[in-house]
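Starting from the known structure of chain F, fit chain Y onto it as the hints suggest.
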Amino acid sequence: MKSNPSPAYVGRVAAAFNNNGQGVRGDMMATITAVLLDPEARANDNGGSDQVSDGHLQEPALYIAGIVRAFGGQMTDQNYFPWNLSQMGQDLFDPASVFNYFSPTYGVPGTTLMGGEFEIHTPNNSIVRANTMQGWFSQWSNPVQSYGPGTTVDLTAFVPLAATPATLVNALDLTLTHGVMPAAMKAAIVTAVTADQSGSLHRVETACYLILTSSYYNVWH
Amino acid sequence: MYIRSRREFIKDTLRSVTALGAVGGLAKFGEMNALAAGSGYQALACVFLLGGNDGHNTVIPIATAQQPYSQYQQYRGGLALAQNSLLQISNGSYVYGLHPSLVEIQQLYNQGNAAVLANVGMLVQPITRALYQTNNGALVPAQLFSHSDQSTQWQTGIASGNGSTGWGGRISDLVQNQNSSIFPAVTATSGCQVFCTGAQTFPAAVPPPSSGSASATNMAVLSGLQPQTAAGLQQLLSFDNGMQLVQAANGILMRGSSYANTLTSLLANVTLQTQFPANNPLAAQLRTVANIMAVRNQLGLSRQIFFCMLDGFDTHSAQLETQGPLLQQLSQAVLAFYNATKELGIDGSVTTFTASEFGRTLTPSGADGSDHAWGNHHFIIGTGVKGGQFYGNFPLLAPGGSSDANSRGTLIPTTAVDQYGSTLAQWFGVAPASLPAVFPNIANFGTNKLGFLG
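Chains F and Y, in that order, give the protein sequences.
Under my numbering, think of the first position of the first sequence as 134, with each following residue one higher.
Under my numbering, think of the first position of the second sequence as 330, with each following residue one higher.
Okay, chain F solo, but in the shape it has when bound:
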């Protein structure tokens, strides 16, 4: 949920592990429920309540899978992402050691916070991530965005909205950022979409690229 949970939040999760409410210790469903539904985890559900220390960067595998899922897309085991994931710093199923891909206590440079996923999010890897979005959302006329044979994201429903950029961005906001995208960010994307002269589908792809490469999207909060 976040890389820097408050001690109280951690305490509530620990309490749920110790006693699921029915005197049972070690109930993982209760524990995970506590992680996901804690008031601190849900505090920004309606937007406008972002805290300075909120958020955690989506690691590459969750980032890619999350995009497909958000759009209701399809992915098979023939997908072309293993190379991209390893270039993003996460060679899936082959971490460097038993300590997995990153240290959970890695201090994010330039902040006072921890953010394990940042340890593999080097400046170079972040560019690979952005370029993957550019390569993926780039079909010339087919609204179904394929990435290799195994992955498709169908943008058909968004194409008609491109005629009214603000409507398009609102729809993508609901799809990708649970409807709480800040107004200034929306405005910037609307400006870019409006200036896009390469057709409706291209407008949709531009909006997708800008949202999916934004730090606002990459850092779940």
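Among the clues, some could well be false.
Partner residues aside, some chain F positions facing chain Y, computed with beta carbon under 7 Å [unchecked claim]:
hint, residue
1, Ser182
2, Val185
3, Gln191
4, Asp224
5, Pro228
6, Phe232
7, Tyr234
8, Val261
9, Asn264
10, Pro315
11, Ala321
12, Val323
13, Ala328
14, Asn351
The following label-pair restraints were derived from C-beta to C-beta distances [to be verified]:
hint, chain 1, residue 1, chain 2, residue 2, range
15, Y, Ser646, F, Ser139, 57 to 65 Å
16, Y, Gly407, F, Gly283, 20 to 28 Å
17, Y, Ala762, F, Ala328, 49 to 57 Å
18, Y, Pro654, F, Gly154, 32 to 40 Å
19, Y, Thr463, F, Gly154, 29 to 37 Å
20, F, Phe226, Y, Gln402, 38 to 46 Å
21, Y, Ser539, F, Val231, 38 to 46 Å
22, Y, Val550, F, Asn275, 23 to 31 Å
The hints are simulated quantities; they were obtained by calculation from the structure and are not laboratory data.
These figures come from a predicted structure and were not determined experimentally.
Backbone N, C-alpha and C define an ideal beta-carbon position, used for all residues, glycine too.
Leaving out everything else, chain Y in the frame of chain F:
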């Protein structure tokens, strides 16, 4: 004051050449070039051996006043390397042997360009076996023998394990005024571990090219965008809605794009002649480092720190067949890199040093491996190194002996990482008064300058 144009200066120099005679005039011009190209540039290259390299099979006593080969052989059991396979080196009148794979490092050692630092490791303060065995946690680093903790401690120089900046990054912070701002001082070739993080400076990440590629790096440049999209991206990167992690991600993307654009265009014109061994991940990284150093002037950098990693040293089993090829990769890569620095005319300005999160137990574990331990031996390589000798104190290889923390030959370091790093830092230009900013605990140790760099 009239400032002559460059053309007038050269014309005057050529006139003086013909007047004084070719050799004298050209030598003077050559001196000018040497100053411009070499003086004022220094670089550190850290080669981090991930997993905990077994130093006991890296540097072996053969004939020393302290102990003969037979003592090593006895206690190493099935892990012992045959005496006649070792590459002999001398430390004064004592004879040691290097692991058979270290052919190139033996060569560098014997020509005086490589030194051994014996028994170095993380310490809070100097400690004896007796004091260690009082089990007072305040006297020793936190979480000894833990990979992640010790790796963090080696890289941060903070024995309590709470460091969030690395000593490479902290040195980089101190030398900011000697560098331009278009490219950072610290470059990582295999992941930006905490060593690279400064309080004010951030590293560049430059992966080596895929094997077979003709490119100098595998650095990603942001794909071309239509103008409205590029403008939108710039706008979004400039928003600050207060969340530190979002801001951090913005900074990373901006730096990634800027560094890649800067470096890849410069490297297009670089062709190093020095050959680097193929199928060697460390050599690939060091070749990338050499390429970056080739364009240091265009990058405006007079101080650079490089961080490279070679993985696979956690030899709990199959140690002999695992460590051998890895040390060969280390040795061959390091020599090629040294030769590249000579090709670039900066071999006196570049110092390469090894590091690892810990050494391993003298006593084998299981059939053919060794366990996590503590003190370890490391190499420092460069023309500026006072090589061909050992620094630090070579330990007694006796389980349960005075050098052992327990009963398995877990060396208690007699030199601290702080001292190792402080010696490198001072050579790099960090003033003694500034050392505590890099190594907060340095005052706990006898000397902050070990002598391997003069």
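Does the Cβ-Cβ separation between Y/Ala762 and F/Ala328 fall within 49 to 57 Å?
holds, 55 Å
When the least beta-carbon distance from F/Pro315 to chain Y is tested against 7 Å, hint result
Check passed: Cβ of F/Pro315 comes within 6 Å of chain Y, closer than 7 Å.
Interface hint status, F/Asn351 versus chain Y (Cβ within 7 Å):
Interface hint status for F/Asn351: holds (6 Å vs cutoff 7 Å).
Can you tell me whether the CB distance of Y/Ser539 to F/Val231 sits inside 38 to 46 Å?
violated, 27 Å
Using the nearest Cβ pair, does F/Val323 come within less than 7 Å of chain Y?
Because about 9 Å separates F/Val323 from the closest Cβ in chain Y, which is outside the 7 Å limit, the hint is violated.
Do the beta carbons of Y/Pro654 and F/Gly154 sit within 32 to 40 Å of each other?
violated, 55 Å
Proposed interface contact between F/Asp224 and chain Y, which counts if any beta carbon pair is under 7 Å:
Violated, about 12 Å.
Go through the hint on F/Ser182 and say holds or violated, using the shortest Cβ distance to chain Y against 7 Å.
violated, 11 Å
Satisfaction of the hinted span 23 to 31 Å by the C-beta atoms belonging to Y/Val550 and F/Asn275
Since the Cβ atoms of Y/Val550 and F/Asn275 sit about 27 Å apart, the hinted range of 23 to 31 Å holds.
Cut-off 7 Å, beta-carbon criterion: hint that F/Val185 touches chain Y
holds, 6 Å
Would you settle whether the hint for F/Gln191 is holds or violated, based on the nearest Cβ-Cβ distance to chain Y being less than 7 Å?
violated, 10 Å
Hint validity - F/Ala328 Cβ closer than 7 Å to any chain Y Cβ
F/Ala328 check passes; min Cβ-Cβ to chain Y is 4 Å, inside 7 Å.
Consistency with the previously given hints fails for numbers 1, 3, 4, 5, 7, 12, 15, 16, 18, 19, 21, ordered from lowest to highest.
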